[in-house]
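Sequences are here, hints too, so could you generate the full structure?
So the protein sequences, as listed, match chains A and B.
The first sequence lines up with residues 1 to 113 when you count with this note's numbering.
The second sequence lines up with residues 1 to 111 when you count with this note's numbering.
Hints were generated in silico from the structure; no laboratory data involved.
These numbers come from a predicted model, not from an experiment.
It cannot be assumed that every hint is accurate.
[As the list claims (entries may be wrong)] Label pairs and their calculated CB-CB ranges: (1) B:Q70 <-> A:K56: 36 to 42 Å; (2) A:T5 <-> B:P18: 36 to 42 Å; (3) A:T5 <-> B:G54: 33 to 39 Å.
[Said to hold, decoys possible] Reference listing, derived: stretches of chain B covered by chain A, where coverage requires no fewer than 3 residues with Cβ under 8 Å from a Cβ of chain A: (4) 34-45; (5) 83-96.
[As the list claims (entries may be wrong)] Once the Cα atoms are required to be at most 16 Å apart in a straight line, the calculated EDC-like pairs of lysine to aspartate or glutamate come out as: (6) A:K60 <-> A:D84; (7) A:K52 <-> A:E63; (8) A:K49 <-> B:E99; (9) A:K52 <-> B:E99; (10) A:K60 <-> A:E76; (11) A:K52 <-> A:E69.
In this text, a Cβ means the ideal position worked out from N, Cα and C, and glycines have one as well.
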Amino acid sequence: GNSVTQMEGPVTLSEEAFLTINCTYTATGYPSLFWYVQYPGEGLQLLLKATKADDKGSNKGFEATYRKETTSFHLEKGSVQVSDSAVYFCALSSSDSSYKLIFGSGTRLLVRP
Amino acid sequence: SQTIHQWPATLVQPVGSPLSLECTVEGTSNPNLYWYRQAAGRGLQLLFYSVGIGQISSEVPQNLSASRPQDRQFILSSKKLLLSDSGFYLCAWGTGLTEQFFGPGTRLTVL
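Following this line, the structure appears as structure tokens:
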């Protein structure tokens, strides 16, 4: 079945450091891939998405490339800020009629000044 | 533009009491609707989804039920809450093989 695996957290970085959060997936067909961000006490916000192989999603300095050959969708940012501290979830869309999202377990990012 | 509302924002209930959480969506028609639960410090678990009025699919057997009485209204219920029902409940909507949009969530504490 479909599944998403994310790197364990928490990830602790200093401000302006480079960020990578690894995400790999298992899926049948060609799912769309997403990164969501959750700030404390809030719901999830879509950060970026990619709908086909080799697509690069980007938003707010974050990027992720849909790599079909390695079944990966790693999240990167060149210079993190304290305000980026949050929990990040990788997800893929189910290809059945429910279109439900399959989420990874989430990675907590803590950025220190 | 589309918006999604959830209420209440927080809820503290005793074990054995009933539950009703409501979710409404504005600005779209015939959305797919979803209920997720997030236990403390953990990922998201899909509880129910609905592709149309009166159509409910359950992902996991549990103490909860869902209903969709109107196109843009999704309700999560329980007749008798358990301690294990505590968590952060998120409603989401989507229109197909694309992203879902999440509401602000309801934090439920069962004592």
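Right, here's what the structure says about each hint:
1. B:Q70 <-> A:K56: 36 to 42 Å: For A:K56 against B:Q70, whose Cβ atoms are near 39 Å apart, the range 36 to 42 Å holds.
2. A:T5 <-> B:P18: 36 to 42 Å: holds, 38 Å
3. A:T5 <-> B:G54: 33 to 39 Å: Distance hint for A:T5, B:G54 holds at roughly 36 Å.
4. 34-45: Result for this restraint: holds, n = 4.
5. 83-96: It holds: at least three residues are needed, and the region 83-96 of chain B offers 4 whose Cβ sits within less than 8 Å of chain A.
6. A:K60 <-> A:D84: holds, 10 Å
7. A:K52 <-> A:E63: holds, 15 Å
8. A:K49 <-> B:E99: Holds. A:K49 to B:E99 sits at ~8 Å (cutoff 16 Å).
9. A:K52 <-> B:E99: holds, 14 Å
10. A:K60 <-> A:E76: Satisfied, since the Cα-Cα distance of roughly 11 Å is no more than 16 Å.
11. A:K52 <-> A:E69: holds, 12 Å
Comparing the model with each earlier hint shows no violations; every hint is respected.
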